[in-house]
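Since the structure of chain A is provided, determine the placement of chain B on it from the hints.
For the protein sequence lines, the chains are A and B, in the order given.
Note that the numbering used here gives residue 328 to position 328 of the first sequence, counting from 1, and the numbers run on in steps of one.
Plus 1000 on top of the position in the second sequence (first one is 1) and you've got the numbering used here.
Read the hints as simulated data drawn from the structure, not as lab findings.
Every residue gets a Cβ at the ideal spot worked out from N, C-alpha and C, and that includes glycine.
It is possible that part of the hints are untrue.
Quick list of the computed label-pair ranges, beta carbon to beta carbon [as the list claims (entries may be wrong)]:
{"no.": "1", "chain 1": "B", "residue 1": "D1202", "chain 2": "A", "residue 2": "R102", "range": "54 to 60 Å"}
{"no.": "2", "chain 1": "A", "residue 1": "K109", "chain 2": "B", "residue 2": "P1197", "range": "53 to 59 Å"}
{"no.": "3", "chain 1": "A", "residue 1": "L341", "chain 2": "B", "residue 2": "V1189", "range": "35 to 41 Å"}
{"no.": "4", "chain 1": "A", "residue 1": "D342", "chain 2": "B", "residue 2": "D1202", "range": "32 to 38 Å"}
{"no.": "5", "chain 1": "B", "residue 1": "E1198", "chain 2": "A", "residue 2": "P295", "range": "54 to 60 Å"}
{"no.": "6", "chain 1": "A", "residue 1": "G105", "chain 2": "B", "residue 2": "R1021", "range": "21 to 27 Å"}
{"no.": "7", "chain 1": "B", "residue 1": "P1070", "chain 2": "A", "residue 2": "E155", "range": "32 to 38 Å"}
{"no.": "8", "chain 1": "B", "residue 1": "S1036", "chain 2": "A", "residue 2": "P295", "range": "47 to 53 Å"}
{"no.": "9", "chain 1": "B", "residue 1": "E1109", "chain 2": "A", "residue 2": "R32", "range": "50 to 56 Å"}
{"no.": "10", "chain 1": "B", "residue 1": "E1039", "chain 2": "A", "residue 2": "G345", "range": "34 to 40 Å"}
{"no.": "11", "chain 1": "B", "residue 1": "P1092", "chain 2": "A", "residue 2": "R32", "range": "47 to 53 Å"}
{"no.": "12", "chain 1": "A", "residue 1": "G105", "chain 2": "B", "residue 2": "D1202", "range": "53 to 59 Å"}
As a list, the in silico SDA-like pairs of lysine to any residue whose alpha-carbon atoms are at most 20 Å apart [stated by the list, open to error]:
{"no.": "13", "chain 1": "A", "residue 1": "K109", "chain 2": "B", "residue 2": "G1040"}
{"no.": "14", "chain 1": "B", "residue 1": "K1277", "chain 2": "A", "residue 2": "V288"}
{"no.": "15", "chain 1": "B", "residue 1": "K1277", "chain 2": "A", "residue 2": "L258"}
{"no.": "16", "chain 1": "B", "residue 1": "K1272", "chain 2": "A", "residue 2": "Y255"}
{"no.": "17", "chain 1": "B", "residue 1": "K1069", "chain 2": "B", "residue 2": "Q1033"}
{"no.": "18", "chain 1": "B", "residue 1": "K1085", "chain 2": "A", "residue 2": "Y315"}
{"no.": "19", "chain 1": "A", "residue 1": "K104", "chain 2": "B", "residue 2": "L1090"}
{"no.": "20", "chain 1": "B", "residue 1": "K1091", "chain 2": "B", "residue 2": "E1031"}
{"no.": "21", "chain 1": "B", "residue 1": "K1261", "chain 2": "A", "residue 2": "Q343"}
{"no.": "22", "chain 1": "B", "residue 1": "K1277", "chain 2": "A", "residue 2": "Y315"}
{"no.": "23", "chain 1": "B", "residue 1": "K1272", "chain 2": "A", "residue 2": "Q343"}
{"no.": "24", "chain 1": "B", "residue 1": "K1261", "chain 2": "A", "residue 2": "A272"}
{"no.": "25", "chain 1": "B", "residue 1": "K1261", "chain 2": "A", "residue 2": "E268"}
{"no.": "26", "chain 1": "A", "residue 1": "K166", "chain 2": "A", "residue 2": "K119"}
{"no.": "27", "chain 1": "A", "residue 1": "K29", "chain 2": "A", "residue 2": "T49"}
{"no.": "28", "chain 1": "A", "residue 1": "K119", "chain 2": "A", "residue 2": "K156"}
{"no.": "29", "chain 1": "B", "residue 1": "K1261", "chain 2": "A", "residue 2": "A146"}
{"no.": "30", "chain 1": "A", "residue 1": "K227", "chain 2": "A", "residue 2": "A248"}
{"no.": "31", "chain 1": "A", "residue 1": "K166", "chain 2": "A", "residue 2": "A229"}
{"no.": "32", "chain 1": "A", "residue 1": "K21", "chain 2": "A", "residue 2": "S41"}
{"no.": "33", "chain 1": "B", "residue 1": "K1277", "chain 2": "A", "residue 2": "R326"}
{"no.": "34", "chain 1": "B", "residue 1": "K1085", "chain 2": "A", "residue 2": "K181"}
{"no.": "35", "chain 1": "B", "residue 1": "K1226", "chain 2": "B", "residue 2": "G1276"}
{"no.": "36", "chain 1": "A", "residue 1": "K104", "chain 2": "B", "residue 2": "V1011"}
{"no.": "37", "chain 1": "A", "residue 1": "K109", "chain 2": "B", "residue 2": "K1272"}
{"no.": "38", "chain 1": "A", "residue 1": "K156", "chain 2": "A", "residue 2": "V184"}
{"no.": "39", "chain 1": "B", "residue 1": "K1261", "chain 2": "A", "residue 2": "G345"}
{"no.": "40", "chain 1": "A", "residue 1": "K109", "chain 2": "B", "residue 2": "Q1033"}
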Amino acid sequence: MAELSLKIGSQAVLESRDLQKLFDVLRAKGYRLIGPTVRNSVITYDELTSVEELPVGWTDVQEGAAYRLKKVGGKAFFNYGIGPDSLKRFLYPPLVRLWRARRKGDGFKPVEETEAPPKYAFIGVRPCDLHAVAIHDRVFLSGEYADPSYALRREKIFVVAVNCAKAGNTCFCVSMNTGPKATVGFDLALTEILEGERHYFVVEVGSEAGAAVLREVPCREAGEDEKAAAERVVTETAEKMGRVLEAAGIRELLYENLEHPFWDEVAERCLACGSCTMVCPTCFCTTVEDVTDLPGETAERLRRWDSCFTEDFSYIHGGSVRASARARYRQWLTHKLAAWLDQFGTLGCVGCGRCITWCPAGIDIAEAVRALRRKEEKGRPPAPAETPGEYSGIQEQPGP
Amino acid sequence: MVSARFPEPMVPRLFAVRRVRRETEDTFTLELQPESPSEGMAFAAGQFNMLYVFGVGEVPISISGDPEKPEILVHTVRAVGTVTKAICRLKPGGFLGVRGPFGTRWPVEEAMGGDVVLVAGGIGLAPLRPVVYQLLARRGEFGRVALLYGARSPKEMVYRRELARWEKRPGFTVHTTVDKPAEGWEGNVGVVTTLIPEVEFDPREAVAMVCGPEIMMRFAVLELQKRGVPEEKIFISMERNMKCGIGLCGHCQIGPYFVCKDGPVFRFDVIKPFFGKREI
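Next up, chain A with everything else stripped away, as it sits in the complex (with noise of 0.2 Å):
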């Protein structure tokens, strides 16, 4: 077999028995491999050694605030949507330790951390993961203070990514043009084929280290009939698609529509339990607490995942801003369709649909931008303007 001359955008035939072999070579080169298992009844991102671990035969059912694993059989690795978890878990982790300091004389002193993050090799990423991975780079790296701790995590990267051969029933990738085909932020992108008794991978190469690995693993330069059958996997599965979200003036949709009477009808459903923003693979706040040993000599300041659903959340002296579910709703559909654009150039949402499968209400967040948008064409009366009354002095205030 000739040499393969493997570049940036080339296409490969990597046989479904050959996949461990593309395991193999990333363990050696010193990446903790992580990718779709089956623990705790969904298929979720774990460390991974073997093919054997993928989840095969199974696949998942989702609706709004139901998911269900369902055994299938077959042969496919990745005949499944997307399970609860994204890589923030890993890039972005539920619970840091930014510091920790030593009583010393008059003063403190920090202690310095000095553990070297892992080098992750993501395995079967979905494209929408993956533009999400491209908005946390906007967020975390592109101010005028980058975050450290993402930056370690982030820069060792390495993703196979999985186009996605079948379309979730809570997601909707198209309207967010983030899928079901990678694009960006790959190294290598399979596409999984399964014809008769054939079983392989069409494997585009997305960067110079994609094609490196590659070269390692016995593989094939694609014919154009594989080619043509891995663009009907995409194809067929946008068809698919569960839902639609119109985005086109989203922006000045949410801006125009902060009194809508949609937020009052959300409110009754929304729990306010922030499981939105666990599961969102964007959403990015965070809290810290600071806490001591028992003798005070040491502290630590640690970073946590937090959610802008929680009252907590807003609270300065007098009371929280967003006291209702309403307001906090609202906070977080503003931020992630409107406000994400101001600040980041890019909308928050890649359209993963997580935040439908995972709400326990099944607040479907494709409907809520549809029922602005319907409410908003019906026309509706003005709202009252700011009658600002007296102003009767400085009190100590229940919340501006």
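Only chain B this time, still in chain A's reference frame:
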């Protein structure tokens, strides 16, 4: 749990408490000095720091000292929560962690040549005091300066000795008022916004800087507008929950803005679409 090596601006710098002055029943002014005195903290009027009490926690507090004297860091703190109470219990020789300075500044340069109106409510005078220092030091470069200050009662006024000194400076007027007078109070009674119609300034050339509770700022802006001060010449300083100070934790958002880095000082026409909206 995961740990990582975090350089600044996540790690606080050590500052020693040099002097503590009691302003009111529950408000204290602390003078702080960095561990190595040669490294002062240069800051602009309006910026804030995250102050950390060892093992207790961290809070955002505006800087209330003189920008021309960066060797001494000054903060005025009201004891209302766990961390601020711990800060107010500190004595000379104690220590604090400091991250900063963060945030936007008051438009002191932009105000040159015209009149300046400062409107402060309660401890809202603290973030404006650096402006007062700059205006006094460069008196000739500004028109008339009026400081309007309201407190709930005479004993809740901060910087009382300084207010008396500032009053004597030429071209600098201080107007104080209290919501509730006490025995011996001979000054104005009423909210600070009632002073705005009384003050002499040229609204076409004036810059107004306002700091206090949100409700007070709302009414102050209305009164200033009635006088003819354009929205883009009115500046306010906002307060929100903050955990990081650098636009990464998400807590301080108001509309598209992070109060920690796009504020705390906002030009009014910029923040207007979101200001005063309930629960935004």
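Task: In rising order, the numbers of the hints this structure does not comply with - done: 3, 8, 14, 24, 25, 26, 30, 32, 34, 37
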